Amino acid sequence: MTLLATRDVAVAYGGVRAVNGVSLELERGESLGLIGPNGAGKSSFLAALGGQVPLAGGSITLEGHEIGGLPAFRRARRGITRTFQMTSEFAHMTVFENLVTAGHGAEGSSLRAVVLRRHDTRRAERDVAARAWSILDRFEMAHAADMYGSELSGGQRRLVEIMRCLMREPKVLLLDEPMVGVAPHLVEKLIADLRSIRDDGIALVIVEHALEVVQELCERVVVMALGRPIASGSFDEVVAHPEVQAAYVG
Amino acid sequence: MWSTLVSAIGFGVVLASIIAIAAMGFTIQFGLTNVLNLSFGAVMTVAAFAAYLANRHGVGGWFGLLVGGAAGAVLTLALGRGVFKAYARRGARLFEMMMVTLGLSLIINYAIQAISHNNIYQFAVLQSTPLQLGSILITRTQLVIVFISIAILVALQVLLRATKIGKALRAMAADPDLARASGIRTGQIVILTWLLSGFLCGVAGVVYIINSQSVGYTTGQLFLPLIVAAAILGGAGSPVGAVLASLIMGVVTEVVSAFGSAAYSTVAGFGILVIVLLSRPSSVRGGQAGHQQLTL
Amino acid sequence: MTAWSYYISTLAVYFGVNVLSALALNLQFGFAGVVNFGYIIFQSVGAYIAAVVVLGPSSGTFQQYVFGARLPFPIPLLLATAAGAVLALLIGLFTLRNIRRDYQAAILLILSLIATQVVQGYVPLFNGSNGLTGISRPFFSSLPLSLQGYQWAYAVWGLVLCAVVYALVTWLSRSPWGRALRAMRDQEEAATAIGLNITALRLQVFVIGGAIAGLSGGLLVEYISAWSPDAWGYAETFVIFTAIFVGGIGNYRGVVLGVFLVPILFLELPRFLPQFGYPGLTDSLEWVAIGAIWMVCLYVRPQGIVPEKRSIARRRGAADAPVGEQMEAA
Numbered sequence: 001m002t003l004l005a006t007r008d009v010a011v012a013y014g015g016v017r018a019v020n021g022v023s024l025e026l027e028r029g030e031s032l033g034l035i036g037p038n039g040a041g042k043s044s045f046l047a048a049l050g051g052q053v054p055l056a057g058g059s060i061t062l063e064g065h066e067i068g069g070l071p072a073f074r075r076a077r078r079g080i081t082r083t084f085q086m087t088s089e090f091a092h093m094t095v096f097e098n099l100v101t102a103g104h105g106a107e108g109s110s111l112r113a114v115v116l117r118r119h120d121t122r123r124a125e126r127d128v129a130a131r132a133w134s135i136l137d138r139f140e141m142a143h144a145a146d147m148y149g150s151e152l153s154g155g156q157r158r159l160v161e162i163m164r165c166l167m168r169e170p171k172v173l174l175l176d177e178p179m180v181g182v183a184p185h186l187v188e189k190l191i192a193d194l195r196s197i198r199d200d201g202i203a204l205v206i207v208e209h210a211l212e213v214v215q216e217l218c219e220r221v222v223v224m225a226l227g228r229p230i231a232s233g234s235f236d237e238v239v240a241h242p243e244v245q246a247a248y249v250g
Numbered sequence: 001m002w003s004t005l006v007s008a009i010g011f012g013v014v015l016a017s018i019i020a021i022a023a024m025g026f027t028i029q030f031g032l033t034n035v036l037n038l039s040f041g042a043v044m045t046v047a048a049f050a051a052y053l054a055n056r057h058g059v060g061g062w063f064g065l066l067v068g069g070a071a072g073a074v075l076t077l078a079l080g081r082g083v084f085k086a087y088a089r090r091g092a093r094l095f096e097m098m099m100v101t102l103g104l105s106l107i108i109n110y111a112i113q114a115i116s117h118n119n120i121y122q123f124a125v126l127q128s129t130p131l132q133l134g135s136i137l138i139t140r141t142q143l144v145i146v147f148i149s150i151a152i153l154v155a156l157q158v159l160l161r162a163t164k165i166g167k168a169l170r171a172m173a174a175d176p177d178l179a180r181a182s183g184i185r186t187g188q189i190v191i192l193t194w195l196l197s198g199f200l201c202g203v204a205g206v207v208y209i210i211n212s213q214s215v216g217y218t219t220g221q222l223f224l225p226l227i228v229a230a231a232i233l234g235g236a237g238s239p240v241g242a243v244l245a246s247l248i249m250g251v252v253t254e255v256v257s258a259f260g261s262a263a264y265s266t267v268a269g270f271g272i273l274v275i276v277l278l279s280r281p282s283s284v285r286g287g288q289a290g291h292q293q294l295t296l
Numbered sequence: 001m002t003a004w005s006y007y008i009s010t011l012a013v014y015f016g017v018n019v020l021s022a023l024a025l026n027l028q029f030g031f032a033g034v035v036n037f038g039y040i041i042f043q044s045v046g047a048y049i050a051a052v053v054v055l056g057p058s059s060g061t062f063q064q065y066v067f068g069a070r071l072p073f074p075i076p077l078l079l080a081t082a083a084g085a086v087l088a089l090l091i092g093l094f095t096l097r098n099i100r101r102d103y104q105a106a107i108l109l110i111l112s113l114i115a116t117q118v119v120q121g122y123v124p125l126f127n128g129s130n131g132l133t134g135i136s137r138p139f140f141s142s143l144p145l146s147l148q149g150y151q152w153a154y155a156v157w158g159l160v161l162c163a164v165v166y167a168l169v170t171w172l173s174r175s176p177w178g179r180a181l182r183a184m185r186d187q188e189e190a191a192t193a194i195g196l197n198i199t200a201l202r203l204q205v206f207v208i209g210g211a212i213a214g215l216s217g218g219l220l221v222e223y224i225s226a227w228s229p230d231a232w233g234y235a236e237t238f239v240i241f242t243a244i245f246v247g248g249i250g251n252y253r254g255v256v257l258g259v260f261l262v263p264i265l266f267l268e269l270p271r272f273l274p275q276f277g278y279p280g281l282t283d284s285l286e287w288v289a290i291g292a293i294w295m296v297c298l299y300v301r302p303q304g305i306v307p308e309k310r311s312i313a314r315r316r317g318a319a320d321a322p323v324g325e326q327m328e329a330a
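Residue numbers (this note's numbering), protein chains in the order written: chain A, 1 to 250; chain B, 1 to 296; chain C, 1 to 330.
Since the hints were made in silico from the structure, they are not lab data.
Note that the coordinates shown come from a computational prediction; the quantities given were computed from them, not determined experimentally.
By construction, the Cβ of each residue, glycine as well, lies at the ideal position given by its N, Cα and C atoms.
You may find that some hints are simply not true.
[Said to hold, decoys possible] Pulled a few chain B residues facing chain C out of the computed Cβ check, cut under 8 Å:
| no. | residue |
| --- | --- |
| 1 | Y87 |
| 2 | R90 |
| 3 | L94 |
| 4 | E96 |
| 5 | V100 |
| 6 | Q113 |
| 7 | N118 |
| 8 | I165 |
| 9 | L222 |
| 10 | V228 |
| 11 | G269 |
Turn these sequences into a full structure, and let the hints steer you where they fit.
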């Protein structure tokens, strides 16, 4: 079954349509790049998928279930999670706590669980900690486990965001300009990390200005302009597309 | 019954005129600087006392408005450029700045309480015999207050829509960075905004005590809920919105207190607040607020 | 000597009441980022409820009030706690929606101003501006204690309540739920993106704080035997906030110290100064000083969340230890 499908998704800000009729499908373990000039509606579309902005029209289904009307936190519980253009680490919590919070999720950190199911909570605490350590090891961040979010470099913050998402064991990971704020020499490593996440079977949707990143990472690319998709295909196909060249040149 | 309603509406319009003057001042600075200025009520009180003192020294009548307006303008500018800016430099954002204005309001309000010996003073100037307009009993002074309010609205609209300064002001409220990049002297516009909104704040304080004929240290503070609610309901930065919202609140408050009691009228004020919350979800929305910045 | 003993024991009760308030506000503000500028409303409703269920049915002449009853200890305190929680739920349901934090704070402040006017204006509720008096103290005549002894027993009782609530809030703050609160405080959008329902979290923390507030009001009113709108001006909330600022936001031990320094030491010291000016001048000046301390704290730490300790994560081998094993931060 198709993992994620959108039909005619529209987003409007006070009458202005930022996204207007985007339909696409995404399979498990696929990485989809969204490119296009500034103001094309890429980030707004991502926000529509994640639930950060309401839909002005259209539908979104995850494994056949309509999720277009759900608030962001319910979509996250169903397996759609995301990073933000401005890195969104919890700044006054350690890296480890960032991960553990996500690992417990809403269920494990609910007041009911904490107060009434103390035994389960303690066990969950151990399980979540073990998972956090293995993810920290995988991304070579174990040494920074006790650093506060606010003490990290741009690249480390991005990694914390991504690791936090992985603690949720998501089906779809939305990445809004993941390379912003990442030091140039770390970009290759981050690309490799994202590729390995994709190889785990997680679907990625990536909005990115750096075209070489999209080229390396995404098997399929959708080009947007003025809120609509104007071309779709492999990276090489779409950049050769005349409408795309026109859109970029202006 | 009918005449009670009409006269309550009449009182409501007078009250609305006073709220509106303050709310216009509040909304201009709020729209431009994004500071949710909770010291606004305290500044109103300072201006009211300034007019009171001026009156005791022979500067009476409508000149009191100028005295209060000047006091409000100077104090607001001093707070804006002196205090708020210093805190913004220290890294205060929207929320922290609101806390700063609150601390200031504590200091100013209780300093006035100390200086005024916690007394309420009579301010019986500009008393005039009531006129009977249908079932509305209104004094000449109150009529003038309504006209002052309308005049301020008109003047503000002209300033904002038809002058260069007004255009610069609106451009800055919409996007300060873009405005700065396109050559607008943003520092001067901010100073002008503090002066203008401070002046209106002061005028509102004086008009308020002219109408209520007394002044005390809680004068502005008790008025603050109405002003803030009017500014939020009317939309930040919109004088017309502020006036319309003031009209709704003034009339509702007076009608409720005419048919119920003063306690119910505050409950009505509370009800309006709920409506504010429910009616303007987009402008009061969280989340995006993080992207809004202070302009000082 | 007895005057001193009376005075100090009274301060100990006030200390207990203020510690309860500071614990509640620190949980709300320091951990969850919820700014409850209307805190005093919830303390006050607890005080009123505890008062009317002790006073007995209203005679309607000497003082008027609702819910008059004569219930034995500790039911009034429990009802006060419940009243704080219920009012917090009602107010929270519409103020804690997804709105700007500065609006939220302003609206709670405004509610605080309006609540005073409502109680003053609607006399049948809680006897208007005159307030309620003659609330009898629990076991005052039945315990075999001198007045001194009773005073100190009450102070100890207050401090026991503090210790219980302290244990409760610190435990909750260290739990996964407490971490979820901190996540919400640091980054709301990211918190929702990992599945946290921030509206529910805010409401929970608001209701728990409201319950503690109600309890503190009950504890206070059963001691001072009277309650009126003068006792709960909007500005009282800011004394507690100042104590939290001084002690360090998010730091429970620091906050207890802050309560000792601000509402107790700082606001009580002037009693020992020679009288100057007209009566009431020192009160006004104290408020000015509270405002000044508030401004200084904001200047020193404009965004100042100061967690008590960095929690150091233990590696797998130490799986028997809880995750948040505490260590002093460097």
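Problem - Minimum beta-carbon distance criterion (8 Å), B:V228 to chain C - result: holds, 6 Å
Problem - Hint status (Cβ of B:Q113 to nearest Cβ of chain C, threshold 8 Å) - result: Check passed: Cβ of B:Q113 comes within 4 Å of chain C, closer than 8 Å.
Handout entry: Interface restraint verdict for B:G269 against chain C (beta-carbon cut-off 8 Å)
Key = It holds, given that the least Cβ distance between B:G269 and chain C is near 6 Å, below 8 Å.
Handout entry: Hint check, B:E96 versus chain C [nearest Cβ-Cβ separation less than 8 Å]
Key = B:E96 check passes; min Cβ-Cβ to chain C is 5 Å, inside 8 Å.
Problem - Hinted contact B:Y87 with chain C - closest CB pair below 8 Å - result: Nearest chain C Cβ about 6 Å off; hint holds.
Practice task
With a cut-off of 8 Å on the beta carbons, see whether B:V100 makes it to chain C.
Solution key: B:V100 check passes; min Cβ-Cβ to chain C is 6 Å, inside 8 Å.
Problem - Restraint outcome when B:I165 is required to lie within 8 Å of chain C by C-beta distance - result: It is violated, given that the least Cβ distance between B:I165 and chain C is near 28 Å, above 8 Å.
Problem - Per-residue hint verdict: B:L94, partner chain C, C-beta under 8 Å - result: With Cβ-Cβ at 5 Å, under 8 Å, it holds.
Exercise for the section: Have a go at the B:N118 hint: is there a Cβ in chain C nearer than 8 Å to its own Cβ? Expected result: holds, 5 Å
Practice task
So, B:L222 near chain C? Judge it on the closest CB pair being under 8 Å.
Solution key: With a closest approach of 7 Å, the B:L222 hint holds.
Handout entry: Minimum beta-carbon distance criterion (8 Å), B:R90 to chain C
Key = holds, 5 Å
Hint compliance for this structure: hint 8 is the single one not met.
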